[in-house]
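Listed here are the chains, written in short residue letters.
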Amino acid sequence: DAGITQSPRHKVTETGTPVTLRCHQTENHRYMYWYRQDPGHGLRLIHYSYGVKDTDKGEVSDGYSVSRSKTEDFLLTLESATSSQTSVYFCAISLRRTSGGDRETQYFGPGTRLLVL
Amino acid sequence: GENVEQHPSTLSVQEGDSAVIKCTYSDSASNYFPWYKQELGKRPQLIIDIRSNVGEKKDQRIAVTLNKTAKHFSLHITETQPEDSAVYFCAASGRSSNTGKLIFGQGTTLQVKP
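Protein chains in written order, with the numbering used here: chain A, 1 to 117; chain B, 1 to 114.
Be a bit skeptical, because a hint or two may be false.
Claimed, not checked - If you want a taste of the chain B side facing chain A, the calculated C-beta under 7 Å gives, among others:
id	residue
1	Ala29
2	Arg43
3	Ile47
4	Ala70
5	Thr78
6	Thr99
7	Gly105
As the list claims (entries may be wrong) - Covered, in the sense of this in silico footprint (three residues per stretch, anywhere, with C-beta under 8 Å from a C-beta of chain B), are these stretches of chain A:
id	region
8	45 to 51
9	67 to 74
Note that these hints are calculated values from the structure, not bench results.
Using N, Cα and C, we set each Cβ at its ideal position, and we do this for glycine too.
Here chain B stands alone, though its shape is the one from the complex (with noise of 0.2 Å):
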């Protein structure tokens, strides 16, 4: 079945370095990738997303790549700050595309130590 594996599960960076947070997805009609930031108690928010008509796109110091042929796609956090201390989902549009649906990969805790 359709499914999005997440990797590290855990991450933990000094304050100014980066963070890399890698996906992998099984269904190669996906096309649409999300990634969402959590703060404990909160909300998934909406963070950056890219097409697979794309193969990078930056939004200051976040940027996420795509590997279509590889089935992978990564968040990359530059100039880490305290602040982006939350947990990371992935996700993938699922087969029926028209029904909007989302496979989520397992998350990511990151914690950027001061």
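For reference, chain A alone in the conformation it holds in the complex (with noise of 0.2 Å):
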């Protein structure tokens, strides 16, 4: 599992409320990812970091914010939740497999079902 864990695993909490959501990995990874997972969208990428308080928008960043104070930990937050932010997030990270070489495979932690009411 690539020493990925997630926190929460389950919430449930109510529209207009802050939410943050924890990404914590073991392994010293510098690449870290925050995707979405909808029925019939697939995956799709939120935010990501290349290294500490390095971070860049994917395709559906508006209404998530991200942090990254240390190698470790990735923080994905919603500032003010929505119905439409209902979902089950997945944090990944790019594992380098050869020295100099890939970055892009990667390794998922085990997601956070996210329920806004």
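The task is to assemble the complex, starting from two chains supplied on their own in separate frames and drawing on the hints.
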């Protein structure tokens, strides 16, 4: 599982409340990603990080922010949750398989199921 | 923008038959193409991948083929078994490959009937 954990694993919240999801990795990977998964849409990238304090937007970043203050933790925040943000959220890391080689192989965390009422 | 189209969205086969899932990508700069399998309630798991300098790769009952000219790649599963039932996702590396970004297809739900 590439040493990736996510917390919480399940959360129910109300519209308008802030929510923070945590992704934690133990193997010092530089690249981390947040996806959301919805039926018919596959996996869509929300934000990603390429190092401490280095983050960038993905294709569905509106309504989300991220922070990475240390290598092992990548936080996803829903500033004011909406029902359209009900989804399953996956964190992923890139595992460099050869020295100086590819960065693209991604391994996923167990996911967080978020329900916004 | 970058896009990956995956077909079919659902596929039902008899145990022992072959299954083929096809993906088309838009960015000619893409050079890495992984396939993931996701069982119900679980995380996506990498099952096979291919790079643009290779046309075909096999691993036991699964194989992936790549046609760079046509910008499409396919997953082939032979001698399907009920445990192959899952959702399969293809992906292609994004334009800025130094960020490791992947663009995913919409997924194919494969059902293998005993």
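Outcome of the hint check:
Given hint, B/Ala29 at the interface with chain A, is violated; its Cβ is 12 Å from that chain's nearest Cβ, farther than 7 Å. Nearest Cβ of chain A to the Cβ of B/Arg43: about 4 Å, under the 7 Å cut. The hint holds. Here the hint on B/Ile47 is broken, as its CB sits about 12 Å from the closest CB of chain A, past 7 Å. Interface restraint check: B/Ala70 against chain A, minimum CB-CB distance 21 Å, threshold 7 Å, status violated.
Nearest Cβ of chain A to the Cβ of B/Thr78: about 24 Å, over the 7 Å cut. The hint is violated. A least Cβ separation of about 6 Å between B/Thr99 and chain A falls short of the 7 Å threshold, and the interface hint therefore holds. The interface hint given for B/Gly105 holds, since its Cβ lies 6 Å from the closest Cβ of chain A, which is under the 7 Å cut-off. Beta-carbon proximity to chain B at under 8 Å applies to 3 residues in the region 45 to 51 of chain A; the threshold of 3 is reached and the given coverage holds.
For the region 67 to 74 of chain A, the stated coverage by chain B is violated: 0 residues have a C-beta nearer than 8 Å to a C-beta of that chain, whereas at least 3 were required.
In the structure shown, a violation is registered for the earlier hints numbered 1, 3, 4, 5, 9, in ascending order.
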